[in-house]
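Letter by letter, the chains look like this.
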Amino acid sequence: MKLLSTKATCNSHGQDSSYFLGWEEYEKNPYDNVHNPKGIIQMGLAENQLSFDLLESWLAKNPDASGFKRDGKSIFRELALFQDYHGMPAFKQALVDFMAEIRGNKVTFDPNHIVLTAGSTSANETLMFCLAEKGEAFLLPTPYYPGFDRDLKWRTGVEIVPIHCTSSNNFQVTEQALQQAYQEAQKRNLKVKGVMVTNPSNPLGTTMSRSELNLLVDFIKENKDMHLISDEIYSGTVFSSPNFISVMEILKDRNDFNNSKDADNIFERVHVVYSLSKDLGLPGFRVGAIYSENDTVVAAATKMSSFGLISSQTQYLLSAMLGDKKFTKNYLAENLKRLKKRQNKLVSGLQKAGISCLESNAGLFCWVDMRHLLHSNTFEAEMELWKKIVYQVGLNISPGSSCHCTEPGWFRVCFANMSEETLKLAMKRLKAFVVESTGNVNGVTTKSTKRNLLTKWVFRLSSRDQRDQQEER
Amino acid sequence: MGLEIEQEHPCVELSNIATSETHGENSPYFAGWKAYDENPYHEITNPSGVIQMGLAENQVSFDLLEKYLEEHSEASTWGKGGSSFRDNALFQDYHGLKSFRKAMASFMEKIRGNKAKFDYERIVLTAGATAANELLTFILANPGDALLVPTPYYPGFDRDLRWRTGVNIIPIHCDSSNNFQITLEALETAYKNAESMNMKVKAVLITNPSNPLGISIQRSVLEDILNFVTRKNIHLVSDEIYSGSVFSSHEFISIAEILESRQYKDAERCHIVYSLSKDLGLPGFRVGTIYSYNDKVVTTARRMSSFTLISSQTQHLLASMLSDESFTDNYIKVNRERLRKRYEMIIEGLKSAGIECLKGNAGLFCWMNMSPMLESNTREGELKLWNEILNEVKLNISPGCSCHCSEPGWFRVCFANMSEETLELALKRIRDFMNNKDRKDIGI
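Protein sequence lines correspond, in order, to chains A and B. Here the first sequence stands for residues 1 to 473, where the numbers follow UniProt numbering. Here the second sequence stands for residues 1 to 444, where the numbers follow UniProt numbering.
No lab work stands behind these hints: they were computed from the structure.
Just some of the chain B residues that point at chain A, by a computed CB distance under 7 Å:
id : residue
1  : HIS23
2  : GLU134
3  : ALA141
4  : ASN142
5  : PRO283
6  : PHE307
Glycine is no exception: its CB is placed at the ideal position from the N, C-alpha and C atoms.
The following block holds chain A by itself, in its conformation from the complex:
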């Protein structure tokens, strides 16, 4: 018998979760405004497709960057051979400048403390390898990005213990929730190595408040063997107030205020993750980074980055693009404008369907409240509703349970990965569904409507032929 490792045969890759299943269904029947107008609209993918024209026009004006040329001279050979895991100096400099610019230059980053990785997927896993042993744990506020179950746990053997957040206070992290999570870890005999947050949050689309961030820094100040990781992958998508506050800014403020040496070496226990997949819309280029003031972490992570280096071709292109400050200034501002407009369209579209969402100021998605559409306050009901929305309404959205949300009925709905027309259509479909399923938009359901719907989606689930599904709608 040919045995494989337990890693290969276990389920920790997480791909049996609904997050990925919805994706699969979309792949089988994808919406296309010409070829498949009744197909499933992808609203489960947090991509930023709003600003490609800005990138394309820059590329057209700067052919050297993609042509392996510097000042008209070919540097192909140099790039082809460049595999230094310390990363391309020009690219690291351009990247830290960009990160500082996103933060309004309230904090700056030292390029010698940046580790480049093939995407933040790789960055997050690498940090786990560096900071924790197999069987140890990190605390994460829920709801969180479903991919973390794979990225943080699969090959590392590290555990995630949730910090439960609820709608009672807009899902903010509280002292109580943090302590409860810590106790839970103790009960499970798990050594806690730290806390990891995504700020701005995925899936909430909100920025963390100053008090939340201070709470977290206080927590690791108290627990001197803990780290704080802040995944700031969405930092360039904060389109309205309150402004984005990076954990680095908090540290800087506290340090200035204290005016004393960093006796608790807090700076060595806080690490930031970044990527160009969301802000710049370049997930295919695999550009991620770890920023840490801890020299040992930087040294170890740098060596580990050998397993996931960024293509030098891509480092070069982006060093030129991000090194063009005129471009970055304009891009950041324009991108935010467009994200804001688009988010507004989603929010108002949902409102017209009698659906509200968490007030958000960032991200590529909204955290939508569909609790009133559940027939019971359970995750079974949430799954039922989700299946209806995928198969009947034809929208792939992400159910809160896949994000480990403790309250049923919340869904993450993306708004930046489609055209305005497609978003309009999605909202139209959703409104029609709500009206049909509730009789009106005020949450009243009739018996016969319920039966019809039940029959419809049961039929759909058993039908293998895509064509049938299209006809039905």
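Once you've looked at the hints, dock chain B against the given chain A.
Below, chain B alone, put in the same frame as chain A:
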């Protein structure tokens, strides 16, 4: 696992992996690299600097690549208008660009003179062979298990196969008595060795053509190895990263050919690793692949490749280049010819200096025998000589001990990562060094 380094702030704990030495970077392989970095040879600005002969890079065929790019700008741009850039920038599917996988499969077939077929659906893409080897190890073995690897082997394996995976390497000792070929006896000994240490052996990992030997494995040996892994019910990983660097096309036999001749019986235990870092000279672009005959491995490897995807920009470039048959046919032929010429040049040069090498037929390096020069036939003797060569002759070459060779006195010398002139100079320095040694010996 590994040593623990003392920390500045004892309360700031990092993982054992982060603080261990299993990354292997304290070996002489890397130390020589440092010496070069501090005093690198340059024809004009530093003619007495250290010549780098420890880096297995292929710099002999860049002109062919550059010509291709000049004539096919669409490979490095995204065409006019349309959604081409957008689609490429968004493409993060871990299956990889289909056009690229197809091009890669076809390229791998061409390299093997079309003696084996490759199904593009079995290709998994990773950011370099470094990632591919680690990934396969995660999939085939658990922490504490063992992989059997023939010595001498590529120093990077100590990190790539062991560091984060927690898997052990047990050497299959090979020596000069039979030109370092892998024998059944050596395989059995290694296997028993692992067992005696209570380690479960999960796979044999071979590099074919071999690094650092620069020689391709004979058909009969491959058959023996395949029979061995079948008997023991374990996996076989064949790292064929140098397959396109065989000087004479008909001499390389891939495990793929052996499997085909056996109608793929028991092929499920075989996995091939490949990369464009050596054959195409593109280590910076991070292009590696796993080709597995095992469906479960393909699926799992694909999911794991999320941690190490190839930039879609680079996939696009190479899909274009490698699907251009007139380019690839010509490239493979010319590259092979140039490497052969370089090889002959260095062998002749070393011979005239009184140094013998293992008769090689592939790779970017030769396996040089300096055992007659050792003061003592020990590792210490070898390192002493190595130091002399590094600091006096100013050549960074790789000592056999860094490759875990069980016989002292052998060195790996790279020949494809410099100009012909530089190679001439390096050979001259060696000749002078050897002449001086002779004179010293006879008391002049």
